[in-house]
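K.L.:
Based on the hints, put chain Z in the right spot on chain U.
From first to last, the protein sequence lines stand for chains U and Z.
Mapping the first sequence onto the working numbering, position 103 (from 1) lands on 105, and the numbers just tick up by one.
Mapping the second sequence onto the working numbering, position 288 (from 1) lands on 290, and the numbers just tick up by one.
If you are wondering where the hints come from, they were derived from the structure by calculation, not from laboratory data.
These numbers come from a predicted model, not from an experiment.
Treat each hint with caution, since some may be false.
[Unchecked claim] Using 30 Å as the maximum straight-line C-alpha spacing, the simulated DSSO-like pairs for lysine-lysine come out as follows:
no., chain 1, residue 1, chain 2, residue 2
1, Z, K91, U, K91
2, U, K47, Z, K97
3, Z, K14, Z, K190
4, U, K176, Z, K202
5, U, K37, Z, K133
6, U, K190, Z, K190
7, Z, K309, Z, K97
8, U, K47, Z, K91
9, Z, K280, Z, K300
10, Z, K279, Z, K97
11, U, K279, Z, K133
12, U, K47, Z, K37
13, Z, K58, Z, K97
14, Z, K202, Z, K176
15, U, K133, Z, K58
16, Z, K14, U, K91
17, U, K90, Z, K90
18, Z, K90, Z, K133
19, U, K41, U, K97
20, U, K91, U, K309
21, U, K97, U, K280
22, U, K91, Z, K47
23, U, K47, Z, K90
[Said to hold, decoys possible] Computed footprint of chain U on chain Z, listed as stretches where at least three residues anywhere in the stretch have a Cβ under 8 Å from a Cβ of chain U:
no., segment
24, 75 to 84
25, 108 to 114
Note that beta-carbon positions come from the ideal geometry of N, C-alpha and C, so glycine has one too.
2 protein chains.
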Amino acid sequence: MSLDRLIEGIVKTQNPSVVGLDPRLEYVPHYILEKKAAKYGATLKAAAKAILEFNKGIIDEIHDICPAIKPQAAYYEMYGADGVKTLKKTISYAKSKGMFVITDGKRNDIGATMEAYAAAHLGVTDVCGEKCEAFGADALTVNGYLGTDGIAPLIAQCTEFDKGIFVLVKTSNKSSGELQDLILANGKTVYAAMGEMCEKWGELNVGKYGYSGVGAVVGATYPEQLEELRAAMPHTFFLIPGYGAQGGGAEGAAKGFDANGLGAIVNSSRAVMCAYKKEECDEHDYAKAARREVIRMKEDLLGCLPKIAFAEEE
Amino acid sequence: MSLDRLIEGIVKTQNPSVVGLDPRLEYVPHYILEKKAAKYGATLKAAAKAILEFNKGIIDEIHDICPAIKPQAAYYEMYGADGVKTLKKTISYAKSKGMFVITDGKRNDIGATMEAYAAAHLGVTDVCGEKCEAFGADALTVNGYLGTDGIAPLIAQCTEFDKGIFVLVKTSNKSSGELQDLILANGKTVYAAMGEMCEKWGELNVGKYGYSGVGAVVGATYPEQLEELRAAMPHTFFLIPGYGAQGGGAEGAAKGFDANGLGAIVNSSRAVMCAYKKEECDEHDYAKAARREVIRMKEDLLGCLPKIAFAEEE
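Chain U on its own, in the form it takes in the complex:
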């Protein structure tokens, strides 16, 4: 269980960013949607097929310069079984291009049910002795509100298949503080308590580069908390949402990184998927516009970070 493959991809591409594939239908160029609607009608299937073509186009253009994608499960589930088929195919396609795939599902449950989520999203499902891959991502975001009973069941499949998880600690949204910032009797915050749990869950699974297979989600919109948690969670790799559309900047996001320019990956979804709209270029050029935005974001981040490199051997 580790996030080592993700870290290796970041060093190779010199790019600590992940593209969120949260494909709202209005992000998909008309020519793609119209083609599918002509074939399948105004149906969930047409939407799902359009999204798959859209996603593949972006992956084709960015896989050599960006280490990872993060499909958001909700935007596939809303198209039913056809939508989740597109999720599965998007994951497979990105992996075939060498990308690391983080399914953003924020799943949470306990015991055998959490094992079922692990089988679904990271491992394999046993059917009469055959091992079948349901979705097969490399990592999954999870919510730790239920405690260790909700995390431990993931460990076996994560270990067997070298997968990882990211636990919500301090989320990027405005109201995240309603619960997460509450002060405990010991003077710490709820999010800090969750952070301590992450460090503990990961301590037996620290990989080659000093980070465990249990990562944490911490928003770019809270740079002070990012800095505090980076110091408090030395073995926990951060997934940082909130850059761009939500208002977080590169300088703030940089607080989540270590002295080697590692320790975190920053997500951007809409700005990449809708780059062609912002550029006002031909919609057929959407994937190339996405590539240009990935490069712009990478340079923005690198401008605020130390050179990205594996830690020197001690």
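P.N.:
For chain Z alone, kept in the frame of chain U given last:
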């Protein structure tokens, strides 16, 4: 937005219990699984088809004596797109028999993403102007760790389609206290703070019977906390897991109810699905065994509750 239809079903059947359809493949009788494997091989599709037949058999036998089912999303996702097709068909079938369906997905996210989950599980998805139903349950379990930004986006679709949600407050598992029982600086627990948020989220959506569309999940395994939260959350309907297999009894679960025998519904999954194994009856008789277990559980609960009736008009 309300849980009124659920409450009406409870009064009609005089049964405050919900059957959790968490169909691990080993719960499905061999004759069903073998039939599907013969047709489709050892595939995710065979598993999904077997589970659908199993679920329908149980629904046929219990729909007149039990108001609701609670399919657990994880056990469908683990069979990929075929699995979620079975989830959708299970939901439709139970609804066609008059049952209330709670999808146990513990979903959580913010803004447009949470709207996507609402469209997926409770409302409709818009495709080129057509309104398509992806899953169409009556209620969804959610995790409130992200605060109001994670709950407010559900309200519009819940209101339009008269659906409800259940927010995790104090879960039934052993380690639930690791985070949920932490004491805040104001002397309250984290779960009590989450409970207060639930009451607040529901206050504008109180239905005909005094309960809002924002319910809460509180485990039968913590009777003291159930009693405390029942008093503190007068407008919040409880979904109570942990009865039976997890060790919670009827007497403990009863602490979550009000003076009219309402205010809560108790879940049982494995004991119902696997009643035929416990009885050691012919596996072809699995659905009738499930019915017998539903009746046994109902009587167990009713023995600890006041007579179930709508509140008298004041």
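K.L.:
Determine for every hint whether it applies to the structure shown.
P.N.:
Right, here's what the structure says about each hint:
For the proposed pair K91(Z) and K91(U), the alpha carbon gap of about 22 Å is at most 30 Å, so the pair holds. With a C-alpha separation of about 23 Å, the suggested pair K47(U) and K97(Z) falls inside the 30 Å cut-off, and the hint holds. Annotation: proposed proximity of K14(Z) to K190(Z) is violated, straight-line Cα distance about 38 Å (limit 30 Å). Only pairs whose Cα atoms come within 30 Å are accepted, and K176(U) paired with K202(Z) is accepted, the gap being roughly 18 Å.
Among the hinted pairs, K37(U) with K133(Z) is consistent with the structure: their alpha-carbon atoms are about 19 Å apart, no more than 30 Å. Pair hint K190(U) plus K190(Z) holds up; C-alpha atoms about 14 Å apart against a cutoff of 30 Å. Of the pairs offered as hints, the one joining K309(Z) and K97(Z) holds, with about 27 Å between alpha carbons and a cut-off of 30 Å not exceeded. This hinted pair checks out: K47(U) and K91(Z) have alpha carbons roughly 16 Å apart, not beyond 30 Å.
This hinted pair checks out: K280(Z) and K300(Z) have alpha carbons roughly 18 Å apart, not beyond 30 Å. As the CA atoms of K279(Z) and K97(Z) are separated by approximately 27 Å, the hinted pair is consistent with the 30 Å bound. For the hint linking K279(U) to K133(Z), the alpha-carbon distance of about 26 Å falls within 30 Å, and the restraint holds. Restraint check for K47(U) and K37(Z): satisfied, since their Cα atoms lie roughly 29 Å apart, inside the 30 Å limit.
The hinted pair formed by K58(Z) and K97(Z) meets the criterion: a straight-line CA distance of about 11 Å does not exceed 30 Å. Distance hint between K202(Z) and K176(Z) is fulfilled; the C-alpha atoms sit about 28 Å from each other, no more than 30 Å. Of the pairs offered as hints, the one joining K133(U) and K58(Z) holds, with about 26 Å between alpha carbons and a cut-off of 30 Å not exceeded. Our distance criterion of 30 Å between C-alpha atoms is broken by K14(Z) and K91(U), whose separation comes to about 45 Å.
About 18 Å separates the Cα atoms of K90(U) and K90(Z), which keeps this hinted pair within 30 Å; it holds. Between K90(Z) and K133(Z) the alpha-carbon distance is near 16 Å, which keeps this suggested pair within the 30 Å criterion. Distance check on the hinted pair: K41(U) and K97(U) sit about 28 Å apart at the alpha-carbon level, within 30 Å; holds. For the hint pairing K91(U) with K309(U), the CA-to-CA distance comes to about 35 Å; that exceeds 30 Å, so the pair is violated.
At roughly 28 Å between alpha-carbon atoms, K97(U) and K280(U) fall within 30 Å of each other, so this suggested pair holds. In summary, the hint linking K91(U) to K47(Z) is supported, as the alpha carbons are separated by about 16 Å, within the 30 Å threshold. Between K47(U) and K90(Z), the direct Cα distance comes to roughly 15 Å. Compliance with the 30 Å bound is thereby established for this hinted pair. For the segment 75 to 84 of chain Z, the assignment as covered by chain U holds, since 8 residues bring a beta-carbon within under 8 Å of that chain's beta-carbons and 3 suffice.
Only when three residues or more bring their CB closer than 8 Å to a CB of chain U does the claim for the segment 108 to 114 of chain Z stand; here the count is 7, and the claim holds.
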